[in-house]
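> Residue numbers (this note's numbering), protein chains in the order written: chain Y, 18 to 139; chain B, 18 to 139.
Please keep in mind that the hints were generated in silico from the structure rather than gathered at the bench. Treat the hints with caution; some may be incorrect.
Because identical chains cannot be distinguished in the list, a pair is counted as satisfied if it fits within a single copy or across any two copies.
Unchecked claim - Derived DMTMM-like pairs: lysine to aspartate or glutamate, alpha-carbon spacing no greater than 25 Å straight-line:
id	residue 1	residue 2
1	Lys103	Asp92
2	Lys103	Glu76
3	Lys103	Asp121
4	Lys103	Asp37
5	Lys103	Glu123
6	Lys103	Asp133
7	Lys103	Glu40
8	Lys103	Asp26
Number of protein chains: 2
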Amino acid sequence: MLRLRFNADGLIPAIAQQHDSGEVLMLAWMNQEAVAETLRTGQVCYFSRSRNALWRKGETSGQTQRLIDLRLDCDADALLLLVDQKGVACHTGRRSCFFTAVRDGEAVTIAQPEVDPATLYG
Amino acid sequence: MLRLRFNADGLIPAIAQQHDSGEVLMLAWMNQEAVAETLRTGQVCYFSRSRNALWRKGETSGQTQRLIDLRLDCDADALLLLVDQKGVACHTGRRSCFFTAVRDGEAVTIAQPEVDPATLYG
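Make a model of the complete structure from these sequences and hints.
What follows is the structure, given as structure tokens:
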């Protein structure tokens, strides 16, 4: 099996990247069970640190991530998930969570919501 | 200033992405000082958890990363660095650290070194 290096909390950071456009969508965390489920089902499942539970991405919002390829880095302590993102990755309704840039020391919003979060989460 | 959410060790994960090709090169960690230095100098500086010290990327190997844009995610606990990577990002001599893919449950090497690490590190 894969020899991943989980941290002291049993977690490993996972980058989600849209497989065709190359856009980095988000960074979240996985535990061993989340990695196994993701590989088994082909639907990305993270581990929510705030809820302390498996987080099947899109379960509530419908904005699922289909796994295209799972990669690990040279020291096996980070994952790169190539995914096909349905809709938007961010809970704010934006495509990517990385919508804030630092320009001249100031935080600047560089992307707007594509969908109203209220429609995603009821 | 930026209100970043560092973890209990004072660190935040940072993804380095080649700004034009979109290739995800590596994931490393920064502390507040590394973020400040990177923004000030325009050359990416991480924090090495193994050496417990600032890690000026490319200081030894010459494989530096010039910062193009620094972004933070929606909950300010992850960074995305758009960079211009000189040479290769990985200490193995490969362009990206994510050169291992999981295919049918097996770890498969999908990229070869572009340069001999011995020439990078003497």
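> Can you name, in rising order, the numbers of the hints this structure does not satisfy?
Of the numbered hints, 5, 8 do not hold.
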